[in-house]
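Trainee: Residues per chain, in single letters:
2 protein chains.
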Amino acid sequence: MIRTLISSLSLGALLYAPCIAQDATAGRLTARQVIERIQKNVGVTWHSQTVDTFKAGDPDTPVTGIATTMMATYDVLERAAAAGDNLIITHEPVFYNHLDQTAGMAKENDAVLAAKQAFIEKHHLVIWRFHDEWHARTPDGIQTGMIRALGWEKFQNPHDDHLFVIPETTLDQLASNIKERLGIRTLRVVGDPNLRVTKLALNPGYPGFPAERHMLQRDDVEVLVMGEGLEWETIEYGADASAEGKHKALVILGHIPSEQSGMKDCAEWLKGFITEVPVQFIATAEPFWPAK
Amino acid sequence: MIRTLISSLSLGALLYAPCIAQDATAGRLTARQVIERIQKNVGVTWHSQTVDTFKAGDPDTPVTGIATTMMATYDVLERAAAAGDNLIITHEPVFYNHLDQTAGMAKENDAVLAAKQAFIEKHHLVIWRFHDEWHARTPDGIQTGMIRALGWEKFQNPHDDHLFVIPETTLDQLASNIKERLGIRTLRVVGDPNLRVTKLALNPGYPGFPAERHMLQRDDVEVLVMGEGLEWETIEYGADASAEGKHKALVILGHIPSEQSGMKDCAEWLKGFITEVPVQFIATAEPFWPAK
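Quick mapping for you: the protein sequence lines, in order, are chains A and B.
Under this note's numbering, read the first sequence as residues 1 to 292, first letter to last.
Under this note's numbering, read the second sequence as residues 1 to 292, first letter to last.
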């Protein structure tokens, strides 16, 4: 509910925002101008230290179309280019590390990197990351998108958008429902399949072990629904909690499915103040499939 | 073959090693003395910086039995204590972080940590980690155990125990075979299921993205069989390599199944120079099960 209210307000305000017409010559809206508009509209004091920067391409390229995505994989770039989108707004890195540093791999003449860079250059793509500031939004743009995708708005704690109370079910059934709802091929679970659960926390992505254990420490959290975590950290902790007889479990969605819908919402949000060019969400494919 | 030769030599030499009788009063072999024997026998110059230290319990406790394991989870500790083993030799951390630091969680009055510590204290368990030096052995104790468990000795490159050439199969079939052979519930794959493959690399555990990409960069590696990796690093890289049409794929075992058998071998190796108390391997359960 909080999300809906704020989205409506933002959309309403933005339709009348003067910045739309001022910063673009007709037909020549550049990638840099799009990002400036995002910065004006996101409602966050931009962090001085942020990964939300251009990762590839010339920011002054005129934009023909915008694709938002969870992770700008090679597959996503191909689909964006085929659709005529040359500005890709990605939540996760392009070049396989948090800071998108390429020097080390370039020195190794890495062929995977080289092919991706060549594709970007050939199609004059511009890639910009939208991570820290989209999370920093109130409410968090990723969290909001995931809650909507899960259909959990009605179960949400009004004071904390990480917490939910759902009708009682088993861990097994909860995991199957989430798997089906989000279309995940390889959803993994830690805990007793027959555990009866009602109190959930949702921590998409990779917030790290301290944030994940702080959720599991709470009396009002039985199941942590998470993106990914290291096996000698959160996973061992969850397995131990279960073995100790505590009423706790983990549902591990995978990083991409756990945040994906937040970037779908991002495309809708952008359409509120980018009207000169088409804007679409391109789903990042889940990288994994399960061995039979 | 290299492994078999060295194991036989070590075993032969150790049966006559004078250290066996010298450092233990009959019936009073302590945990500290067991570790001193390991240090004498492992054939590695002990690193000054190593995580291979006591993690819990009193090192001067007389040992009643030794359990080796991949990860000293609560479940493993219960099974060890029930079997009368009070020295647990674990490859991975006990307390949910690489350095087994507990101060932060103790300050939070973490209940999962407290229950594990209470169990250790109640049963007078001693836990020692055997990670860096077991890997540093020639050949690597973990790698050797995994190659044996996979039945890949005959396919191994004689100059590099990470590389294998197997009879041609599909990625799909390879993954299914490994899953069945190692008894893994949630083995995940990245790449084209129909890719015909013959050249493999095996990197168990979590060696990190640079080590993993260096394997995938090689012309003599088509499939990296790995433990775990971050989704915006090795996983995105593997997915991109595949999308770019490169003849590459990932088979992701999970951290525990990817190293487990190396600690089974460790128990056998210990029996060569620990004869006063029983030594057994306790398998760490795979923490995950797949949602239906």
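It cannot be assumed that every hint is accurate.
Stated by the list, open to error - Now the stretches of chain B that chain A is said to cover, found in silico as 3 or more residues with beta-carbon under 8 Å: (1) 48 to 57; (2) 125 to 137; (3) 144 to 157; (4) 173 to 181; (5) 205 to 218; (6) 231 to 240; (7) 254 to 260.
What the hints assert, rightly or not - Cβ-to-Cβ under 8 Å is the rule here; a few derived chain A residues that face chain B: (8) Pro93; (9) Asp140; (10) Ala149; (11) Trp152; (12) Gln156; (13) Ser176; (14) Glu233; (15) Ala239.
Just so you know, these hints were derived from the structure itself, not from any lab.
Quick reminder that beta carbons are idealized off the backbone N, C-alpha and C, glycines included.
Trainee: Return the numbers of the hints above that this structure violates; sort them in rising order.
Mentor: Numbers 1, 2, 3, 9, 10, 11 and 12, in rising order.
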